[in-house]
Amino acid sequence: MNRILSLLVMVLLAACSQQDDNVIRIGAAGPMTGDQSKMGIDLRNGVELAVAEWNDKGGLLGEKIVLFPGDDQADPKQAVSVANKFVNQKVHAVVGHWNSNCSINASTYYHAANIVAISPASTNPRLTKQGFKNIFRVCGTDDQQGGVAADFILKRLKPKRVAVIHDKTTYGQGLADYFKKSIEGKVEVVFYDGIQTRDPDYKAILTAIKQKKPEVYFFGGVYPEAGRLVRQAKEVGMRIPMITGDGVYDPTFIGIAGKAAEGTYVTFGKDPSGLPTSKSFNEKYTRKYGAPGPYSIYAYDAANIILTAIGQTGSTDGTKVAEFISKNTFHGAFGETSFDKNGDVSKAPYVMWQVRDGKFVEVQ
Amino acid sequence: MFTQQLINGLALGAVYALIALGYTMVYGILQLINFAHGEVYMLGAYLGIIIFGMLTALGLPAFSLSLSLLITVLISIAFCSLYGAAIERVAYRPLRNATKLAPLISAVGMSIILQNFIMLSQGKEYKNLPPQLPSEGVIIFDANVSPAQIFILSSSILIMIVLHLFVSRTRLGKAMRATSQDRMMAGLVGININQVISVTFMIGSGLAAVAGVMVTLYYGVVHFFMGYLAGIKAFTAAVLGGIGSIPGAMLGGFMLGLIENFGASYISSVYKDAFAFVVLIVTLLIRPSGLLGRKELDKV
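Chains as they are written, first to last, in my numbering: chain A, 2 to 365; chain B, 267 to 566.
Just so you know, the hints here were simulated from the structure itself, not pulled from any lab data.
Do not rely on the hints blindly, as some may be mistaken.
[Unchecked claim] Covered, in the sense of this in silico footprint (three residues per stretch, anywhere, with C-beta under 8 Å from a C-beta of chain B), are these stretches of chain A: (1) 36-46; (2) 185-196; (3) 206-212; (4) 227-237; (5) 259-272.
The beta-carbon is built from N, C-alpha and C at its ideal position, and this holds for glycine as well.
Okay, chain A solo, but in the shape it has when bound (with noise of 0.2 Å):
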């Protein structure tokens, strides 16, 4: 028996060892399984993109660069376990996570194992307001998306009530809470209240909304609920637009909703297709995976930031690269990006989107 098992234990130890050091090990984090799982495939495709042209180049620092995807099913105990695992296997930097929360929660082990991590899509303003030097995102904040929300509603529909919902998300509500305290003075928040997701059913809150008589209704969340909601909000014969945030900017949005998507204002970043940068990604994405998703082009260059920041520091420390990321300024597939003293952009992304015609259209 126990000879059996010392054999076990060195066929353990040698398949560990047989992990290859010497390569790059680059970690993709988002919802790859769920109802979410299209976004998480997305980043994951946009980091594989910009890891295989890396390697097509020969490499980093003349070592391969391997990709490492983690799948925290938009669950923020599962993005934990993600986490965990990443420094488990010595990835050396982290594109995720997708949700807010589970970026919020993988950001504590990034930090403790100085990992740099930078999320293509997290919105929520705490997770750069811990004062981890390493983490960053490449996409704006809830702060900047719920101002831009409300300087359109301010300057542009002038209602004079507006509802408020949120799905009990730190994403969804932090989002609704910003745009509420926008607002908040200038014109009167009839409604607020939260919702289930995954629920089927929406037509309690909407009924009640509407006896509210507001003029436009804010949602904080994502778009399997976003597609429930204004499909059920017109069959209650509620007929104002919905406003809402980067989370509902998807096709699926409007498969769900079908006619009643259309006027739906949603806060997104900039068209980038008059780019030609971004064209050239378009074409090179589509060719290998088929159309992008919104948030490939953020995951690509978050990617290429990190691969540069290792190149030019010709290092994998996890301190100089993110020195370099803070300091230096990027030319992606999505334009210029640099970061501030927490990690953000430092330009505001956001410009408002609108649904014509079964399509996105971004408002002049």
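Here the structure of chain A is known, so what remains is to put chain B in place on it, guided by the hints.
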């Protein structure tokens, strides 16, 4: 607002009631809580979206929407009834004389198997069906009663009446009632127990299939996980009305839908799921056998 919430609650309640009937009928005959029942409802919803999609590809809904809905419902019922009977045959019948807990564990296992089967074969994404019926319907007071709601309410009430007549008037219904009262004695007087149990499972699953297709049409979204929450809610409805009682399941389902809607709109939507369970606990404290349940004697 009151009328609108009433209609919303009744439509939601009709769905709960249809699923709850499956729980209560199986419990009435076998004293078994069929935890896989929520998954049969989910299967019904998936079948709804698949069959309707196929009919759309053939161009039938453009020609006649009601005919294609009827075909969708019928095929979904047929499939789900077979599933129900097969689940009973495979997972419960071999354990009929085992301890009470064995079929219960088997039911939980069946639920996990079905959920994962759908997840692996149909994918983890939400599947969606764009709205098929117009959203503007009949205006009653200040409420908009949408065609989908009219369809759900009228067809579920019709189904419940038919079910009631079937159980109270037909020979097979009488055999079902006899089996639920005393299985051994019913067998001794010549009732084919296995056949009665199979038919019970088929009817329960068929009702779940109708609920599934309705939900597909009503909300337009299906997901492999949807059976879990719906199953728990419907089970709550069955217990609220008195598990084992057919009118009880109907009453419990409608009550649950109304409680959820009024609670969410007049108190707060944040606690929507909590209202149903608070009412359940209070009811069970006052009437342990549910609203219309018989005082259960020595079983379980």
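Each hint, compared with the structure:
{"no.": "1", "hint": "36-46", "verdict": "holds (count 3)"}
{"no.": "2", "hint": "185-196", "verdict": "holds (count 3)"}
{"no.": "3", "hint": "206-212", "verdict": "holds (count 5)"}
{"no.": "4", "hint": "227-237", "verdict": "holds (count 7)"}
{"no.": "5", "hint": "259-272", "verdict": "holds (count 3)"}
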